[in-house]
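Trainee: These protein sequence lines are chains B and H, in that order. Note that our numbering has the first sequence beginning at 1, numbered continuously upward. Note that our numbering has the second sequence beginning at 1, numbered continuously upward.
Note that these hints are calculated values from the structure, not bench results. Predicted, not measured: the structure shown is a model, and the values here were computed from it. A couple of the hints might just be wrong.
[As the list claims (entries may be wrong)] Distance windows between CB atoms, simulated: (1) P132/B - E121/H: 41 to 49 Å; (2) E22/H - D21/B: 28 to 36 Å; (3) S165/H - A7/B: 43 to 51 Å.
[As the list claims (entries may be wrong)] Derived contacts from chain H toward chain B, CB cut-off under 7 Å, selection only: (4) T8; (5) A17; (6) L18; (7) L24; (8) A36.
We treat Cβ as the ideally placed atom computed from N, Cα and C, and that holds for glycine.
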Amino acid sequence: MSEKVMALSDRELVSGVRSGDLDAFAALVKRYRDAYTRFAVRMTGSLLDADDVMQSVWMRAFRNIGACKNPDRFGAWLYQIVVNECRTYTSRRAARDSRFVDDAAESLAALTVAEPDVALREEIERALDCLPTDQREAFVLKHVEELSYDQIAEITGVGVSALKMRVCRACDRLRELLEGVHNA
Amino acid sequence: MRDETRDTGLDPRVVGALRGAEILPADFEARLMAQAEAEIAHRRATRPRRNWWLTGRIFIASPLSAFAAAAAIAAVAALSTLAVTRGRSTIVSRPDTVEYVRFVLIDSAARSVSIVGDFNEWRPDKTPLIAPKPGVWSVSLPLSPGRHEYAFIVDGKRWVVDPASIPSSDEFGTESSVLLVAPTKIGAS
Numbered sequence: 001m002s003e004k005v006m007a008l009s010d011r012e013l014v015s016g017v018r019s020g021d022l023d024a025f026a027a028l029v030k031r032y033r034d035a036y037t038r039f040a041v042r043m044t045g046s047l048l049d050a051d052d053v054m055q056s057v058w059m060r061a062f063r064n065i066g067a068c069k070n071p072d073r074f075g076a077w078l079y080q081i082v083v084n085e086c087r088t089y090t091s092r093r094a095a096r097d098s099r100f101v102d103d104a105a106e107s108l109a110a111l112t113v114a115e116p117d118v119a120l121r122e123e124i125e126r127a128l129d130c131l132p133t134d135q136r137e138a139f140v141l142k143h144v145e146e147l148s149y150d151q152i153a154e155i156t157g158v159g160v161s162a163l164k165m166r167v168c169r170a171c172d173r174l175r176e177l178l179e180g181v182h183n184a
Numbered sequence: 001m002r003d004e005t006r007d008t009g010l011d012p013r014v015v016g017a018l019r020g021a022e023i024l025p026a027d028f029e030a031r032l033m034a035q036a037e038a039e040i041a042h043r044r045a046t047r048p049r050r051n052w053w054l055t056g057r058i059f060i061a062s063p064l065s066a067f068a069a070a071a072a073i074a075a076v077a078a079l080s081t082l083a084v085t086r087g088r089s090t091i092v093s094r095p096d097t098v099e100y101v102r103f104v105l106i107d108s109a110a111r112s113v114s115i116v117g118d119f120n121e122w123r124p125d126k127t128p129l130i131a132p133k134p135g136v137w138s139v140s141l142p143l144s145p146g147r148h149e150y151a152f153i154v155d156g157k158r159w160v161v162d163p164a165s166i167p168s169s170d171e172f173g174t175e176s177s178v179l180l181v182a183p184t185k186i187g188a189s
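Let's have the full structure, built from the sequences with the hints guiding it.
Mentor: Structure (structure tokens):
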């Protein structure tokens, strides 16, 4: 891909994708490739699942690029798709095979002797997985992605006061679940 | 920007651990662009063509231009025949599309796992699975729509049939698994 294409604005690239230009799409992918990966990993619980979600996110964006009303804010529009796709993925997984795959993975993980840092991180991730999806989503956007409540409200379509409540409950629950970490 | 972590009452290590960077695999873009290219090709092949020759037109020709008009009409007729022929051949020929399928095998004792099937000439060395979580082995593969047979090879020698799939056996009684890949419906979300 040429530097010239990479230098184009989001608006120009979105316009290119609308007319079927794959180079423009590739440039958008390159620009935003890992911007939302961390959020997807925290929501799905693994990089492997996040990879699936992000493939689906980009194909949805590609098919529905005509619905991007403000191409200058392509990133914010894409973020909305990421949030929706993570919600869909986690709800489907809960109804489908999470018991089989995740419980097996957890019990297997518990059998391995991990380094202290790795063990701490795994404990934190497990605690995060225990939160209801809406609380996990609000907590991650606020305290991991460090967005403002106004930004989160725009992306999720949830009111600011409801978001504050969700974040507050998520923090309370995490403190309970991670009591050992706090007392260490 | 003010770090609001302290307002949560959480140990800073908690949020710190969650803020670690996550990077998608190196082949992420290649897989995605393959999907996008297949979709563009499919769109082009199935795009409805306007039957412009069916719309009404008025031609006014003087006696002096009769020969020129006849020649022009003949040329248009020839070109439209070519267009119809091209259009038909494009529509009947299916584009090469692939679907990405993720294979997962749970085996805590395995030291290595690979997959064999009709898509890799049944070669055990060709498609290894990786285990980002201990004991959870997986790989995503691009497969063409249709019926595929496969099996897992554990530790380079143990033949394992996918317990979550349809079983099948060949004329020698060797069991394998069957996967039916349906083509993506363009426009479905």
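Trainee: If a hint holds in the structure, say so; if it does not, say that too.
Mentor: Hint-by-hint comparison with the structure:
For the hinted restraint 41 to 49 Å between P132/B and E121/H, the CB-CB distance of approximately 47 Å keeps it satisfied. Checked against the hint of 28 to 36 Å, the pair E22/H and D21/B passes, with Cβ atoms roughly 29 Å apart. Here the CB-CB span from S165/H to A7/B is close to 48 Å, well matched to the stated 43 to 51 Å. Interface hint status for T8/H: upheld, as the beta-carbon distance to the closest one in chain B is roughly 4 Å, under 7 Å.
About 5 Å separates the beta-carbon of A17/H from the nearest beta-carbon of chain B, less than 7 Å, and the hint is met. Interface hint at L18/H: satisfied, since its Cβ lies 5 Å from the closest Cβ of chain B, which is below the 7 Å cut-off. With its C-beta approaching chain B no nearer than about 5 Å, L24/H sits inside the 7 Å limit, and its interface hint holds. Because the beta carbon of A36/H sits about 5 Å from the nearest beta carbon in chain B, less than 7 Å, this interface hint is met.
In summary, this structure violates none of the numbered hints.
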